[in-house]
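Novice: Listed here are the chains, written in short residue letters.
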Amino acid sequence: MITRDIPLDSMQATGALGQRLSEALQVGDALLLSGDLGAGKTELARAVIRARAGQPIDVPSPTFNLVIPYEFRDLLITHFDLYRLEGADDVMELGFLDALDDGSVIVEWPDRLGDLTPSEALRIELTAVSDRRQARVSGPAAIVERFLGA
Amino acid sequence: MILAIDTASRALSIALGDGRGVSYAAHQMRSRGQAENLMPMIARGFRATGCRPDDLTGLAVTVGPGTFTGLRIGLAAARAMRVALNVPLFGMSALEVLAAEAASRFPDRPVLAALDARRDQVYAQMFRRAAPPFAECWSAPMAIAAGDAAQMAVPGTVLIGNGAALVAAHLGGETVVLDGVEPDARHLLRLAAARPLPAYPVPSPGPLYLRAPDAKLPTRR
Amino acid sequence: MSIVLGIETSCDETAAAVVTSDKRILANIVHSQVEAHRPFAGVVPEIAARAHVEKLDGIVARCLDESGIRLGDVDAIAATAGPGLIGGVIVGLTTAKALALATGKPLIAVNHLEAHALTVRMTSDIAFPYLLLLVSGGHCQILLVRGVGDYRRLGSTIDDAVGEAFDKTAKLLDLGFPGGPAVEKMAQGGDPARFALPRPMRGRDHMDFSFSGLKTAVRKAASELEQPPTRHDLADLCAGFQAAVADVLEDRIGRAIDHCRASGTAPTGLVIAGGVAANRMLRARLTETAADRDLPMIAPPIALCTDNGAMVAWAGVERLLAGSTDSLDVGARARWPLDADADPLPFAGVKA
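Protein chains in written order, with my numbering: chain A, 1 to 150; chain B, 1 to 221; chain C, 1 to 352.
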């Protein structure tokens with residue numbers, strides 16, 4: 001398990017991180033985005049999805065739908081917002097495991113995953129400390145390095 | 001002519017036929033795209049048999065257990081066709097359809113039908129006999145741990161379904177394991193065709209989820 | 001004359017209607033699931049999908065009964081194919097496909113947003129192009145409606161929809177679900193100036209919306225109240241929230257009208273649709289906004305502003321007359337922007 005801190009002091013920085021994550025994204029990957037309300041989870045998810053799309057497509061907040069699929073030529077990305085859920089049983093029924101089988105997932109509020117949390121996931125904790133936003137990226141070394149380079 | 005539809009699990013399966021046999025069947029293994037491919041598949045069946053929707057005298061559909069989206073696709077399609085054509089609709093448990101297939105290969109053996117419900121759970125039902133027209137059940141259909149399902153098996157039991165191997169892992173020998181099998185509309189058709197039509201209008205069958213809807217009452221946050 | 005059956009299941013209403021091309025609604029049945037979702041203070045997708053599959057065939061049958069039209073006599077079957085909660089959309093679209101296959105009638109896969117955008121043409125005589133403010137629990141956007149199938153999105157929310165902001169505010173203040181009517185009722189008599197709430201995006205040089213900052217500010221203001229809050233406190237906070245929403249909508253719509261005129265398009269009117277269009281205070285403010293710019297504000301009757309089958313059937317009529325029908329392998333779509341060139345179609349092969 002290793003950890004990297006990435007400053008996110010501009011929209012450009014968020015976009016650049018989204019770009020790097022999207023380039024490495026493949027079937028079975030899980031990006032777990034945690035952080036308080038307003039920490040920028042949806043912004044980062046949007047950056048990843050738009051980078052993969054290659055254009056600024058619509059990426060609404062999934063707060064209402066809970067789950068929104070994005071089908072690209074070579075990859076299905078499913079964007080989850082688990083805020084309104086209680087735990088793993090609820091997540092199951094949103095088709096979480098199927099989404100992971102069929103493509104990659106981006107999850108906001110991943111603490112609700114409980115025992116469904118994939119062990120090979122990339123965790124990204126978004127924090128704002130005295131107005132300086134940063135992403136703390138952690139996970140198994142091989143995963144972190146695949147996404148962010150050695 | 002009866003149209004049988006199964007989309008409840010990880011297959012897309014239809015059959016057209018009657019009590020004398022199956023005149024058309026198509027079966028695709030797919031867990032996605034069922035909603036897009038079901039109607040074109042049925043339309044091909046009609047073309048291949050020269051049968052028209054108006055020729056149908058009955059409909060049959062698996063009502064679950066299975067994937068929630070999958071079983072709703074089959075049910076929505078079958079229930080809509082019932083409204084359009086005003087013919088009887090048989091709703092059948094996917095586990096019973098699996099058991100009928102096991103019985104067609106191993107007559108008179110007890111059958112344990114099991115579908116993978118994930119997280120080491122299975123949807124399972126134990127049958128004493130499962131040949132059409134009516135199965136003799138030793139248990140209700142349920143969602144249980146694979147290990148608990150295994151306890152229902154008696155010597156000589158045939159295990160069938162995409163959860164059969166999960167259950168078999170908890171058992172010694174003395175069982176036949178037909179793993180990786182999805183419900184097949186041909187067996188659904190055989191079951192429906194073998195049963196006498198009810199003499200009164202029966203309400204549309206509902207889904208058999210075996211699991212409660214996701215959200216539980218939220219605790220305060 | 002054409003007759004179309006329309007089916008709507010994209011959120012928490014199970015609905016069907018029969019509508020004619022000469023603008024008559026022969027039957028329009030809406031079954032609201034609001035009671036099922038109320039305990040969760042929000043729409044739960046799985047609960048919604050379960051209810052749709054249980055109810056829809058009965059509602060279709062009853063709708064045909066009431067309309068006096070036999071299924072064999074309709075000219076097309078239309079259903080919402082997106083955007084929306086995908087589990088429910090699949091139930092409605094699959095039902096429509098099966099009805100179409102069984103009867104040999106054409107299928108029309110309707111964009112839910114397009115249905116909202118065109119409803120006003122069934123209820124009023126209005127010429128293209130017009131501005132549409134679509135405000136509901138799942139959507140918040142400003143569209144320029146130039147013709148059937150010809151839409152330009154001028155702005156949309158970058159985070160929450162406005163109806164969602166109402167629901168969240170109501171949940172936060174424990175006012176019940178759905179939040180829109182609850183907040184509106186509580187706001188009556190409240191002092192909108194007591195709490196200084198932000199007006200996100202106001203004055204910005206574009207036509208997008210953002211409501212997540214407003215939501216956070218309401219949360220903060222609520223947490224600073226003495227507990228439990230008095231009715232007076234709640235009324236003031238709701239009034240403040242509603243005033244902030246009104247200010248934002250007014251600013252964005254005003255800008256959209258100016259933008260259209262500056263770029264050489266004179267809209268014939270401002271149309272509002274979606275559940276939030278039922279809010280009387282917001283309606284009044286938007287009527288003023290439009291009047292200030294010499295534009296009529298036109299809203300379909302409230303029952304046709306919220307989700308219903310008649311709007312889908314009407315969009316089906318418009319599509320049918322335009323010669324646009326769909327094949328039986330058309331897919332349901334969780335996302336489906338109206339201005340199609342803004343978003344590439346998903347690659348069909350991925351589904352296999």
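A few of these clues could be false.
[Stated by the list, open to error] Chain A regions said to be covered by chain C (calculated; three or more residues, Cβ under 8 Å): (1) 34-47; (2) 62-72; (3) 84-95.
[Unchecked claim] Some chain B residues flagged as far from chain C (calculated, every beta-carbon gap over 10 Å): (4) H27; (5) M39; (6) P53; (7) V83; (8) A84; (9) R105; (10) D108; (11) P133; (12) E136; (13) L171; (14) R195.
If you're looking for bench data, these hints aren't it; they were derived computationally from the structure. Values in this document were obtained by computation on a predicted structure and should not be read as measured data. Virtual Cβ for every residue (Gly too), placed ideally from N, Cα, C.
Novice: Confirm or reject each hint.
Specialist: These are the hints, each one checked on the structure:
Check on the stretch 34-47 of chain A: 3 of its residues sit with their Cβ under 8 Å from a Cβ of chain C, so the three-residue criterion for coverage holds. Counting residues of the stretch 62-72 of chain A whose beta-carbon sits less than 8 Å from any beta-carbon of chain C gives 10, enough to reach three: the coverage restraint holds. Counting residues of the stretch 84-95 of chain A whose beta-carbon sits less than 8 Å from any beta-carbon of chain C gives 3, enough to reach three: the coverage restraint holds. Every CB of chain C is more than 10 Å from the CB of H27 of chain B (nearest about 15 Å), matching its label as outside the interface.
Taking the minimum C-beta to C-beta distance to chain C, about 4 Å, the non-interface status of M39 of chain B is violated against the 10 Å cut. The beta carbon of P53 of chain B sits about 5 Å from the closest Cβ of chain C, which is not more than 10 Å, so the claim that it is off the interface is violated. Its closest Cβ contact with chain C, about 5 Å, brings V83 of chain B to no more than 10 Å, contrary to its assignment away from the interface. Consistency note on A84 of chain B: stated as away from chain C, yet its beta-carbon is not over 10 Å from all of that chain's, at 4 Å minimum.
With a closest Cβ-Cβ approach of about 30 Å to chain C, R105 of chain B is found to remain outside the 10 Å limit, as its non-interface label requires. Look at D108 of chain B: its CB is around 37 Å from the nearest CB on chain C, clear of 10 Å, so calling it non-interface holds up. Distance check on P133 of chain B: its Cβ is at least 26 Å (rounded) from any Cβ of chain C, clearing the 10 Å threshold; non-interface status holds. Non-interface call for E136 of chain B relative to chain C: holds, since the shortest CB-CB distance, roughly 30 Å, exceeds 10 Å.
With a cut of 10 Å on Cβ distances, L171 of chain B stays outside the contact zone with chain C, its closest approach being about 33 Å. With 10 Å as the threshold on Cβ separation, the claim that R195 of chain B sits away from chain C holds: the shortest Cβ distance comes to roughly 22 Å.
Hint check: violations occur at hints 5, 6, 7, 8; the rest are consistent with the structure.
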